[in-house]
Amino acid sequence: EAQVTQNPRYLITVTGKKLTVTCSQNMNHEYMSWYRQDPGLGLRQIYYSMNVEVTDKGDVPEGYKVSRKEKRNFPLILESPSPNQTSLYFCASSWTGGTGELFFGEGSRLTVL
Amino acid sequence: AQKITQTQPGMFVQEKEAVTLDCTYDTSDPSYGLFWYKQPSSGEMIFLIYQGSYDQQNATEGRYSLNFQKARKSANLVISASQLGDSAMYFCAMREKGYQKVTFGTGTKLQVIP
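Protein sequence lines correspond, in order, to chains A and B.
Per our numbering, the very first residue in the first sequence carries number 1; after that it's consecutive.
Per our numbering, the very first residue in the second sequence carries number 1001; after that it's consecutive.
Derived from the structure by calculation, the hints contain no laboratory data.
Treat the hints with caution; some may be incorrect.
[As the list claims (entries may be wrong)] Derived SDA-like pairs (lysine to any residue); straight-line CA-CA distance at most 20 Å:
{"#": "1", "chain 1": "B", "residue 1": "LYS1109", "chain 2": "A", "residue 2": "ASP38"}
{"#": "2", "chain 1": "B", "residue 1": "LYS1073", "chain 2": "B", "residue 2": "PHE1012"}
{"#": "3", "chain 1": "B", "residue 1": "LYS1101", "chain 2": "A", "residue 2": "GLY98"}
{"#": "4", "chain 1": "B", "residue 1": "LYS1101", "chain 2": "A", "residue 2": "ASP38"}
{"#": "5", "chain 1": "B", "residue 1": "LYS1097", "chain 2": "A", "residue 2": "GLY97"}
{"#": "6", "chain 1": "A", "residue 1": "LYS57", "chain 2": "B", "residue 2": "LYS1109"}
{"#": "7", "chain 1": "B", "residue 1": "LYS1097", "chain 2": "A", "residue 2": "HIS29"}
{"#": "8", "chain 1": "A", "residue 1": "LYS57", "chain 2": "B", "residue 2": "GLN1100"}
{"#": "9", "chain 1": "B", "residue 1": "LYS1003", "chain 2": "A", "residue 2": "PRO61"}
{"#": "10", "chain 1": "B", "residue 1": "LYS1101", "chain 2": "A", "residue 2": "PRO61"}
Based on the sequences and whatever the hints tell you, model everything.
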């Protein structure tokens, strides 16, 4: 089954404790990206990657890091989480050609105390 | 300026009626794609429909159609014959700059009334 898998789905952590949200896709997509969803703001792009070892900033990259060492994986790293990073996070992937429809993971709800 | 504007935070529609969700966009890129996604209360993001900037005809997918007016920079979603299961949040989105950048609107919460 074609899917994008995120882990963890739910996480409560404390300020400053480094965490990683993993994202893996099994569709051989070149493009992967991360978004955060906040009430009234919609989804905002954090980082994206056009292919292995190629990453770039989206609209809200501050406080986040990413890496793309393998085509299927695109982890999101919060080196020192702060309460303003409490949000619902989505990973998505797509082909770089065609319609560019995004395939989303189920989301990861993160709370930083 | 907002790249994607959805001016209707919430809407109600009677079951079996048609409803239009508004979306306007702003880009200087001649090549872009416009998308609509549905987010039910369970939280997942579901792709509904796509329109390319060079497409001459409006996209349709079952009960969904996209009213693309390029000169006005609008990409409204039309849902025909609304069903209770259509109650959800709907997001308009745009991909531009070689499809690298993705911008979402703030969403419209649609509630279908029996």
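For this session: Provide an ascending list of the numbers of those earlier hints which the structure does not satisfy.
Result: Hint check: 2, 6 fail, others pass.
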